[in-house]
Amino acid sequence: MRDVGFARTLVCVNAAVPLALLGWDVAHGNLGANPVEFVLRSTGTLALVFLVLTLAVTPARRLLGWHWLVKLRRALGLIAFGYACLHLSIYLVLDQSLNPVAIATDAVTRPFIAFGMLTFGFMVPLAYTSTDASVRRLGKRWGRIHRRIYWIAGFACLHYWLEVKADVWKPSFFIGAIGLLLFYRWVLIRRDTIR
Amino acid sequence: MRIKRSGAPGRVKEAEVTPKEVFFSHGSRRTFLKAGLLGGSVLATGALYETLLVPPRKVRPSTPLPKDVLAAAPGLPSEDKKNRYEEITTYNNFYEFSTDKYGVAEEAAKLVSRPWTVAVTGLVQRPGVFDVDALFRRFPLEERVYRMRCVEGWSMVIPWMGFPLARLLALAAPLGSAKFVELQTLHDPARMPGQRRDILDWPYVEGLRLDEAMHPLTILVGGLYGETLPPQNGAPLRLAVPWKYGFKGAKSIVRISLVEKQPKTTWNHYSPDEYGFYSNVNPEVAHPRWSQAEERRIGELGKRPTLPFNGYGAEVASLYAGMDLRKNF
Numbered sequence: 001m002r003d004v005g006f007a008r009t010l011v012c013v014n015a016a017v018p019l020a021l022l023g024w025d026v027a028h029g030n031l032g033a034n035p036v037e038f039v040l041r042s043t044g045t046l047a048l049v050f051l052v053l054t055l056a057v058t059p060a061r062r063l064l065g066w067h068w069l070v071k072l073r074r075a076l077g078l079i080a081f082g083y084a085c086l087h088l089s090i091y092l093v094l095d096q097s098l099n100p101v102a103i104a105t106d107a108v109t110r111p112f113i114a115f116g117m118l119t120f121g122f123m124v125p126l127a128y129t130s131t132d133a134s135v136r137r138l139g140k141r142w143g144r145i146h147r148r149i150y151w152i153a154g155f156a157c158l159h160y161w162l163e164v165k166a167d168v169w170k171p172s173f174f175i176g177a178i179g180l181l182l183f184y185r186w187v188l189i190r191r192d193t194i195r
Numbered sequence: 001m002r003i004k005r006s007g008a009p010g011r012v013k014e015a016e017v018t019p020k021e022v023f024f025s026h027g028s029r030r031t032f033l034k035a036g037l038l039g040g041s042v043l044a045t046g047a048l049y050e051t052l053l054v055p056p057r058k059v060r061p062s063t064p065l066p067k068d069v070l071a072a073a074p075g076l077p078s079e080d081k082k083n084r085y086e087e088i089t090t091y092n093n094f095y096e097f098s099t100d101k102y103g104v105a106e107e108a109a110k111l112v113s114r115p116w117t118v119a120v121t122g123l124v125q126r127p128g129v130f131d132v133d134a135l136f137r138r139f140p141l142e143e144r145v146y147r148m149r150c151v152e153g154w155s156m157v158i159p160w161m162g163f164p165l166a167r168l169l170a171l172a173a174p175l176g177s178a179k180f181v182e183l184q185t186l187h188d189p190a191r192m193p194g195q196r197r198d199i200l201d202w203p204y205v206e207g208l209r210l211d212e213a214m215h216p217l218t219i220l221v222g223g224l225y226g227e228t229l230p231p232q233n234g235a236p237l238r239l240a241v242p243w244k245y246g247f248k249g250a251k252s253i254v255r256i257s258l259v260e261k262q263p264k265t266t267w268n269h270y271s272p273d274e275y276g277f278y279s280n281v282n283p284e285v286a287h288p289r290w291s292q293a294e295e296r297r298i299g300e301l302g303k304r305p306t307l308p309f310n311g312y313g314a315e316v317a318s319l320y321a322g323m324d325l326r327k328n329f
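Residue numbers (this note's numbering), protein chains in the order written: chain A, 1 to 195; chain B, 1 to 329.
No lab work stands behind these hints, which were simulated from the structure alone.
Some hints here could point you the wrong way.
[Claimed, not checked] Result set (BS3-like, lysine-lysine): computed pairs, CA atoms no more than 27 Å apart in a straight line:
id	chain 1	residue 1	chain 2	residue 2
1	B	LYS67	B	LYS82
2	B	LYS34	A	LYS165
3	B	LYS81	B	LYS327
4	B	LYS261	B	LYS82
5	B	LYS264	B	LYS303
6	B	LYS67	B	LYS81
7	A	LYS71	B	LYS34
8	A	LYS170	B	LYS110
9	A	LYS165	B	LYS179
10	B	LYS327	B	LYS179
11	B	LYS327	B	LYS261
12	A	LYS71	A	LYS140
13	B	LYS179	B	LYS264
14	B	LYS34	B	LYS67
15	B	LYS261	B	LYS179
16	A	LYS165	B	LYS303
17	A	LYS165	B	LYS110
[To be verified] A short, non-exhaustive set of chain A residues, derived as facing chain B with CB atoms under 8 Å:
id	residue
18	PHE6
19	ASN14
20	VAL17
21	PRO18
22	LEU21
23	TRP24
24	VAL36
25	SER97
26	THR105
27	THR109
[Said to hold, decoys possible] Some chain B residues near chain A, calculated using beta-carbon distances under 8 Å:
id	residue
28	GLU87
29	THR90
30	TYR95
31	ARG196
32	LEU200
33	SER291
Every value quoted in this text rests on a predicted model; they were computed, and no experiment measured them.
The C-beta atom is built at its ideal place from N, Cα and C for all residues, glycine as well.
Make a model of the complete structure from these sequences and hints.
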């Protein structure tokens, strides 16, 4: 595709669609009996979806030969971060009423909360260094910093897995998807080093 | 693209028509294509979101209970503000239908719960198989407004229509050797699609110590808000034990057995460290993965402290006198 600007618009507009629909449902009281839980889950799932899409860029590029896809990666990553911000804010404000003691206790007593916070903590530097200026300034270090996305993916999956009571179908789906994408990378790395 | 040329004489003047070369110019065709792509993808994303994430819309799956099964006076009113019918019937944990609390109502809507019989068996003098409607005529349903605290950290106030389990047990006359009561949910993957997957060890089994089962607060429920019990809430017959976590309340019961040994109850068997046999509501004993000190009352934004025995301590604490409730959680 020659028109990368348009592709980026396409990604951003579509990323805003779930947010708009969620906002509509909030405004109309359509979120069922436990709206806080519903919004919390939806934003978390959306962050994970965009994380998977970010990780899918490289394999898709190699397999399809669509090298322009890499120019969408930053947008996808930042959208994932945006949904993660929303997810965390809802947890802190609506679920924990910004009570520092409650939040600290929650992080200590519920491992999945700790993993959620760890995931977010790892995302911040990546979002912060996502600008062109950072890429230039950091040079080789930029790549190293941004490879932390693998850790982020792992923590995010653990966060989801540990939250579920018995039916692990949904977290398994994400773990499977991320596992597959990482496996592909591993194959590439091996092939490249053998050559 | 092939476009059929309209031969009809236009009412529009020739000059007003967009010149062909402008309409079909390379630039505008691309714009058209982009707009289509943008609009189409937005619709697709929206549809995907609606299918995957949206909670169900309201339905009313119950009908008024017949007069001859209703008791004259409410059995137990409550000062707590009752949750709305819509809240109680669209947010359910009932893995036999779906693990998505918002999705149970829709999946359960197809459950045919009449005719329905419940067997009372095991260590009793008079075992029997009872038709539920006959049971309700024998033991009229009285309104009991109970708090329901889910082990997940949320709660509701529900106006159940039910009768004490003790009355049915008295009819069956337990033998001296009977120490526990085991309640079993229907096992029928054709009617309960969730049972087609091995999420839990089907059929769902719950149990109580005999004295807990005989306690006047322990009821068998046949209705909600003066109407028949909706399928998503455990039609046609479920258990309510208000001082215990909600999962102790077995739904769609087909068998009640009096037994000597502590029954192998589903969640306790699934994860013994997380779900005790007793599972009395206790803010002091945390679930290994989360605190039980607080709960969110459905309909409220903030959280409220969880009460020991879910606020029914005055009535039931004596059942556990001398027991270490941390060990016997």
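Against the structure, the hints come out as follows:
1. LYS67(B) with LYS82(B): Holds, at about 23 Å.
2. LYS34(B) with LYS165(A): Given pair LYS34(B), LYS165(A) is violated - Cα atoms ~44 Å apart, limit 27 Å.
3. LYS81(B) with LYS327(B): Answer violated: LYS81(B) to LYS327(B) is near 34 Å, above 27 Å.
4. LYS261(B) with LYS82(B): 37 Å, violated
5. LYS264(B) with LYS303(B): 33 Å, violated
6. LYS67(B) with LYS81(B): Holds. LYS67(B) to LYS81(B) sits at ~26 Å (cutoff 27 Å).
7. LYS71(A) with LYS34(B): 18 Å, holds
8. LYS170(A) with LYS110(B): 25 Å, holds
9. LYS165(A) with LYS179(B): 30 Å, violated
10. LYS327(B) with LYS179(B): Holds, at roughly 20 Å.
11. LYS327(B) with LYS261(B): Answer holds: LYS327(B) to LYS261(B) is near 19 Å, not above 27 Å.
12. LYS71(A) with LYS140(A): 19 Å, holds
13. LYS179(B) with LYS264(B): The hint holds at about 14 Å.
14. LYS34(B) with LYS67(B): Judged against 27 Å, a Cα distance of about 64 Å means the pair is violated.
15. LYS261(B) with LYS179(B): 7 Å, holds
16. LYS165(A) with LYS303(B): 21 Å, holds
17. LYS165(A) with LYS110(B): 26 Å, holds
18. PHE6: 6 Å, holds
19. ASN14: ASN14(A) check passes; min Cβ-Cβ to chain B is 5 Å, inside 8 Å.
20. VAL17: 4 Å, holds
21. PRO18: 5 Å, holds
22. LEU21: LEU21(A) check passes; min Cβ-Cβ to chain B is 6 Å, inside 8 Å.
23. TRP24: For TRP24(A), the interface hint is violated, since the closest Cβ of chain B sits about 10 Å away, which is over 8 Å.
24. VAL36: Holds: closest Cβ of chain B sits about 7 Å from VAL36(A), inside 8 Å.
25. SER97: Cβ of SER97(A) sits 6 Å from chain B, so the hint holds.
26. THR105: Hint on THR105(A): holds, closest Cβ of chain B at ~7 Å, below 8 Å.
27. THR109: 5 Å, holds
28. GLU87: 4 Å, holds
29. THR90: Holds - the Cβ of THR90(B) comes within 8 Å of chain A, reaching about 6 Å at its closest.
30. TYR95: 7 Å, holds
31. ARG196: Check failed: Cβ of ARG196(B) comes no nearer than 13 Å to chain A, outside 8 Å.
32. LEU200: 6 Å, holds
33. SER291: 5 Å, holds
The structure fails to meet hints 2, 3, 4, 5, 9, 14, 23, 31 from the earlier list, while all remaining hints are met.
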